[in-house]
Amino acid sequence: MKIVGGGLAGLAAAAKLGATGFEVDLHEARPFLGGRATSFPVNPAEADSPRIDNCQHVLLRCFDALLDFYRRCGVEDKIRFYDRLYFVRPGGGVDTLERGPLPPPFHFTGSLLSMKMLGWADKLSLIRCLRAIPRERRRRSDLDRITMAAWLREKKATPRAYARFWRPLLVSALNEEPERSSALPALQVFDEGLLGSRASYEIGIPAVPLAELYSAALERRLGPRVRIHLRSSIERIDPAGGEADYFISAVPFERVGRLLPGLSLDIESFEHSPITGIHLWFDRPLTELDHAILLDRRLQWLFRKSETYYLAVVSASRDMMGMTQAEIVATAQKELAEFFPDAAGAALERSRVVKEIRATYSAKPGLEASRPAARTRYPNVFLAGDWTDTGLPATMEGAVRSGYAAAEAVIAAAAAR
Numbered sequence: 008m009k010i011v012g013g014g015l016a017g018l019a020a021a022a023k024l025g026a027t028g029f030e031v032d033l034h035e036a037r038p039f040l041g042g043r044a045t046s047f048p049v050n051p052a053e054a055d056s057p058r059i060d061n062c063q064h065v066l067l068r069c070f071d072a073l074l075d076f077y078r079r080c081g082v083e084d085k086i087r088f089y090d091r092l093y094f095v096r097p098g099g100g101v102d103t104l105e106r107g108p109l110p111p112p113f114h115f116t117g118s119l120l121s122m123k124m125l126g127w128a129d130k131l132s133l134i135r136c137l138r139a140i141p142r143e144r145r146r147r148s149d150l151d152r153i154t155m156a157a158w159l160r161e162k163k164a165t166p167r168a169y170a171r172f173w174r175p176l177l178v179s180a181l182n183e184e185p186e187r188s189s190a191l192p193a194l195q196v197f198d199e200g201l202l203g204s205r206a207s208y209e210i211g212i213p214a215v216p217l218a219e220l221y222s223a224a225l226e227r228r229l230g231p232r233v234r235i236h237l238r239s240s241i242e243r244i245d246p247a248g249g250e251a252d253y254f255i256s257a258v259p260f261e262r263v264g265r266l267l268p269g270l271s272l273d274i275e276s277f278e279h280s281p282i283t284g285i286h287l288w289f290d291r292p293l294t295e296l297d298h299a300i301l302l303d304r305r306l307q308w309l310f311r312k313s314e315t316y317y318l319a320v321v322s323a324s325r326d327m328m329g330m331t332q333a334e335i336v337a338t339a340q341k342e343l344a345e346f347f348p349d350a351a352g353a354a355l356e357r358s359r360v361v362k363e364i365r366a367t368y369s370a371k372p373g374l375e376a377s378r379p380a381a382r383t384r385y386p387n388v389f390l391a392g393d394w395t396d397t398g399l400p401a402t403m404e405g406a407v408r409s410g411y412a413a414a415e416a417v418i419a420a421a422a423a424r
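Numbering-wise (our numbering), the sequence shown opens with residue 8 and increments by one.
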């Protein structure tokens, strides 16, 4: 059994197949595991250089497959969950989204009604839209033909509710603007993540650098039947070559055509959407909040990594791709001073900007039909990756689900021989 790609999809497939009794060789071209979820030293020339994540990777309590994978790897205790979301307005005002005593989907009613960032008309439109999500997601067949912004206009979401609630959450969840993203994955995220259960919305943030979650040491956790080969580049899979009984391609969509040229997948429909991570070290704390959704400005999220180290995130950051690091850092400093008074007098000691040009695929309308299943035209070749047909947008949960689905397809094919 050969798996190409050591990101979450490939690792998940390896974990499931190894536990089922398959001999697995996993090949990763880079010298580390985790794919886009990785860490690196700020300055490799410094012996004690701090390690930073390429960007902030966040999960939800409802990500069952991902949490199962973390349990398999013995790192579930490295995730810290939070049951409150903080919306911070310019000037420093904070609104908190947290569950109340009512059952879903009414468990946020109290905190939504108390939000000062919204007026009463905004709150009523917000509650009306939220109540429509479960019903419309299950009944409508046109959701992948319209944008989420069009759906919200149809439901008469107010401009302020759109700008201060819907857009911040949607852009971070889908890595795409509501005007460009399909309504289908958007409604799925809200239905399962925000409304699914009283705890499903809780966000999990790794308490250690990502490299510690997906290091080569996981080979011991994945079992003796799983062999991991780093710096091992596989240029092409030959289904009839006899190198392995079964193959799983767990590479990004832009690589699968070269790896499996005979599949003729509709890859032309896929586009990338970038994410920019802005790592900032100050001489003093800016806020005691562990995380914050930043409203009405270019920055979207802020994560407190330590007392004086912060990571600001801008998803779907196409407008930043042409900006220099100095310009991006200056923008971040200026905006943080608008949200947090202590930032105005803080001295910036260090910074690093990470532009992930190929962070995720763009969840644009009409793309769902092009997302391939795990099985391919070759009976011994299978696909995995967050871009395949997982029922989810590009998330860590989708990547793990795809790996598990590919592994299950291999198991079924082996049983049928």
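Derived from the structure by calculation, the hints contain no laboratory data. Watch out, some of these pointers could steer you wrong.
For lysine-lysine, the following DSSO-like pairs were computed, each having C-alpha atoms within a straight-line distance of at most 27 angstroms [stated by the list, open to error]: (1) K341 - K362; (2) K312 - K85; (3) K163 - K123; (4) K362 - K85.
Taking the hints in turn, this is what the structure says about them:
| no. | hint | in the structure |
| --- | --- | --- |
| 1 | K341 - K362 | 19 angstroms, holds |
| 2 | K312 - K85 | 14 angstroms, holds |
| 3 | K163 - K123 | 20 angstroms, holds |
| 4 | K362 - K85 | 26 angstroms, holds |
Checked against the numbered hints above, the structure breaks none of them.
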